[in-house]
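So the sequences go chain by chain: R and L. Each residue of the first sequence is one higher than the one before, starting from 1 at the first, in our numbering. Each residue of the second sequence is one higher than the one before, starting from 1 at the first, in our numbering.
Just so you know, not all the hints are guaranteed correct.
Subject to a maximum C-alpha distance of 30 Å in a straight line, what follows is the list of computed DSS-like cross-link-like pairs (lysine-lysine) [what the hints assert, rightly or not]:
no. : chain 1 : residue 1 : chain 2 : residue 2
1   : R       : 42        : L       : 22
2   : R       : 45        : L       : 19
3   : R       : 79        : L       : 22
4   : L       : 44        : R       : 2
5   : R       : 109       : L       : 67
6   : L       : 9         : R       : 42
7   : L       : 52        : R       : 45
8   : L       : 44        : L       : 71
9   : R       : 2         : R       : 45
10  : L       : 40        : L       : 22
11  : R       : 42        : L       : 41
12  : R       : 97        : L       : 41
13  : R       : 97        : L       : 36
14  : L       : 52        : R       : 42
15  : L       : 41        : R       : 45
16  : R       : 79        : L       : 52
17  : L       : 67        : R       : 79
18  : R       : 109       : L       : 19
19  : R       : 109       : L       : 22
20  : R       : 97        : L       : 52
21  : L       : 19        : R       : 42
22  : R       : 79        : L       : 19
Listing some non-contacts, in silico: residues in chain R with all C-beta distances to chain L over 10 Å [what the hints assert, rightly or not]:
no. : residue
23  : 97
24  : 102
25  : 109
To be clear about the criterion: a stretch of chain L counts as covered by chain R if any three or more of its residues have a C-beta under 8 Å from a C-beta of chain R, and this derived list gives those stretches [to be verified]:
no. : segment
26  : 44-54
27  : 105-112
No lab work stands behind these hints, which were simulated from the structure alone. The C-beta atom is built at its ideal place from N, Cα and C for all residues, glycine as well.
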Amino acid sequence: RKEVEQDPGPFNVPEGATVAFNCTYSNSASQSFFWYRQDCRKEPKLLMSVYSSGNEDGRFTAQLNRASQYISLLIRDSKLSDSATYLCVVNGDGGFKTIFGAGTRLFVKA
Amino acid sequence: DTAVSQTPKYLVTQMGNDKSIKCEQNLGHDTMYWYKQDSKKFLKIMFSYNNKELIINETVPNRFSPKSPDKAHLNLHINSLELGDSAVYFCASSQDPLTNSPLHFGNGTRLTVT
Numbered sequence: 001r002k003e004v005e006q007d008p009g010p011f012n013v014p015e016g017a018t019v020a021f022n023c024t025y026s027n028s029a030s031q032s033f034f035w036y037r038q039d040c041r042k043e044p045k046l047l048m049s050v051y052s053s054g055n056e057d058g059r060f061t062a063q064l065n066r067a068s069q070y071i072s073l074l075i076r077d078s079k080l081s082d083s084a085t086y087l088c089v090v091n092g093d094g095g096f097k098t099i100f101g102a103g104t105r106l107f108v109k110a
Numbered sequence: 001d002t003a004v005s006q007t008p009k010y011l012v013t014q015m016g017n018d019k020s021i022k023c024e025q026n027l028g029h030d031t032m033y034w035y036k037q038d039s040k041k042f043l044k045i046m047f048s049y050n051n052k053e054l055i056i057n058e059t060v061p062n063r064f065s066p067k068s069p070d071k072a073h074l075n076l077h078i079n080s081l082e083l084g085d086s087a088v089y090f091c092a093s094s095q096d097p098l099t100n101s102p103l104h105f106g107n108g109t110r111l112t113v114t
């Protein structure tokens with residue numbers, strides 16, 4: 001089993017749609033969780049951290065379920081500029097081993 | 001005033017050569033990393049260093065040797081390059097992995113081995 005698993009997609013959605021991405025992780029001792037965004041031929045950039053109580057940043061909502069070892073990202077009112085690969089990221093081994101999922105590709109179309 | 005900078009941006013070389021990639025961060029972070037992103041876009045950790053000490057070596061071949069002269073620098077030297085080494089290599093840093101600190105990435109070095 002991969003340490004961090006994501007549906008690779010692609011997700012093709014119209015502008016204004018709501019889309020949700022899911023991610024599971026295998027190490028129950030993982031301590032920190034993030035969603036990153038990577039545009040084509042660019043470096044990954046932090047989208048948001050994921051907290052146990054769930055957190056929201058504008059149109060983006062992240063949820064963490066430690067019991068099920070599951071992380072989600074919800075994007076509301078999708079914009080063309082949201083088109084990118086979304087990477088689920090988990091910290092393990094005392095935090096020094098940051099593991100990336102393979103990413104979920106999102107295409108938002110006009 | 002780039003936070004994490006790596007050079008070169010592109011590197012094209014022949015099999016069997018030795019090459020180095022340099023990375024510097026001016027964020028004052030204690031931890032630095034090297035990641036490899038292959039043609040399938042999977043981003044895999046190679047090494048992590050904390051205050052110049054190797055913490056994680058993720059079963060990377062001995063041909064890859066990281067060097068951290070100080071906590072602001074983590075260079076990657078690759079000996080006897082192989083075709084399979086072609087990938088994008090990202091350097092990253094974080095303040096304190098134990099406190100939910102995110103990674104800050106450099107722009108990447110696209111290595112092509114012919």
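Open item on the list: Under the constraints set out in the numbered hints, which ones does this structure not fulfil?
Closed with: 3, 5, 16, 17, 18, 19, 22, 23, 24
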